[in-house]
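Listed below, chain by chain, are the residues.
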Amino acid sequence: TQLLEQSPQFLSIQEGENLTVYCNSSSVFSSLQWYRQEPGEGPVLLVTVVTGGEVKKLKRLTFQFGDARKDSSLHITAAQPGDTGLYLCAGAVGSGGGADGLTFGKGTHLIIQP
Amino acid sequence: EAEVAQSPRYKITEKSQAVAFWCDPISGHATLYWYRQILGQGPELLVQFQDESVVDDSQLPKDRFSAERLKGVDSTLKIQPAELGDSAMYLCASSFQGIVTGELFFGEGSRLTVL
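Protein sequences appear in the order of chains A and B.
Under our numbering, the first residue of the first sequence is numbered 1, with each subsequent residue one higher.
Under our numbering, the first residue of the second sequence is numbered 1, with each subsequent residue one higher.
By construction, these hints were calculated from the structure, which means they are not laboratory data.
Quick caveat: nothing in here was measured; it's all calculated off a predicted structure.
Glycine included, C-beta positions come from ideal geometry on N, C-alpha and C.
Misleading hints may appear alongside valid ones.
Stated by the list, open to error - With a straight-line cut-off of 30 Å between C-alpha atoms, the simulated DSS-like cross-links for lysine-lysine are: (1) B:78 <-> B:15; (2) B:11 <-> B:71; (3) A:106 <-> B:15; (4) A:106 <-> A:57; (5) B:71 <-> A:106; (6) B:62 <-> A:106; (7) B:11 <-> B:78; (8) A:106 <-> A:70; (9) B:62 <-> B:11; (10) A:106 <-> B:78; (11) A:56 <-> A:106; (12) B:78 <-> B:62.
As the list claims (entries may be wrong) - To list a few chain B residues with every Cβ distance to chain A over 10 Å, as calculated: (13) 18; (14) 41; (15) 64; (16) 84.
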């Protein structure tokens with residue numbers, strides 16, 4: 001069973017501050033995805049990273065996949081109240097055929113205070 | 001915009017009763033997943049379908065849970081009998097080709113409370 005550890009579990013910061021959340025595993029993943037989930041809603045995909053060392057930017061969000069494809073980070077610059085939510089990382093071990101359900105971490109609960 | 005539809009949004013039941021959840025994936029999505037999310041935790045995969053076939057149900061408690069996707073389109077997840085520990089959000093998701101090559105789209109979920 002692949003285990004994804006996310007840290008911190010909870011984070012509350014002021015608007016305008018920067019933050020980084022982490023997703024770590026002892027397993028190698030073929031791809032890793034980050035999702036954001038609001039209360040009472042399903043997760044929504046933010047990004048998929050596939051290549052070791054890959055960096056992707058989505059406005060104020062920067063995602064990095066570790067060189068060994070075992071870990072990832074999400075950095076938010078100048079956080080805004082609208083960034084509040086549960087951030088989930090999810091890893092895949094499949095190659096596109098057969099069983100390839102995602103393994104999710106427990107998430108980071110992020111609160112951005114105005 | 002195409003969405004994954006789930007019903008009911010909320011279900012309250014007593015233990016030992018039967019419950020069923022329905023999911024209609026985005027049209028054309030061959031892969032369908034059922035996840036369970038306990039409050040404060042990440043989703044856990046229960047079952048994965050490719051068209052009408054079960055690809056992975058290794059984490060599905062088969063003594064009380066069942067899932068089907070008879071025509072390869074919509075799907076039903078059933079729990080009988082429900083237990084207190086089954087209280088959770090049940091999420092359905094679909095993808096066009098699977099998560100390695102495509103995005104996973106989630107529905108809004110069905111929140112189950114077992115009393």
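To see whether the hints hold, each was checked on the structure:
1. B:78 <-> B:15: Between residue 78 of chain B and residue 15 of chain B the Cα gap is close to 14 Å, so the pair holds against 30 Å.
2. B:11 <-> B:71: Given pair residue 11 of chain B, residue 71 of chain B holds - Cα atoms ~25 Å apart, limit 30 Å.
3. A:106 <-> B:15: 27 Å, holds
4. A:106 <-> A:57: 23 Å, holds
5. B:71 <-> A:106: 33 Å, violated
6. B:62 <-> A:106: The given pair, whose Cα atoms are some 24 Å apart, holds under the 30 Å limit.
7. B:11 <-> B:78: With a Cα-Cα distance of about 13 Å, the restraint between residue 11 of chain B and residue 78 of chain B holds, given a limit of 30 Å.
8. A:106 <-> A:70: It holds: about 16 Å lies between the C-alpha atoms, which stays within 30 Å.
9. B:62 <-> B:11: Given that 30 Å is the threshold and the Cα spacing comes to 21 Å, the pair holds.
10. A:106 <-> B:78: Since the Cα atoms of residue 106 of chain A and residue 78 of chain B sit roughly 25 Å apart, the hinted pair holds (cutoff 30 Å).
11. A:56 <-> A:106: This hinted pair holds, its Cα atoms lying about 22 Å apart.
12. B:78 <-> B:62: 10 Å, holds
13. 18: Check passes; 24 Å lies beyond 10 Å.
14. 41: 5 Å, violated
15. 64: Per Cβ check, residue 64 of chain B is outside 10 Å of chain A; nearest 20 Å; holds.
16. 84: 21 Å, holds
The earlier numbered hints that this structure contradicts are 5 and 14.
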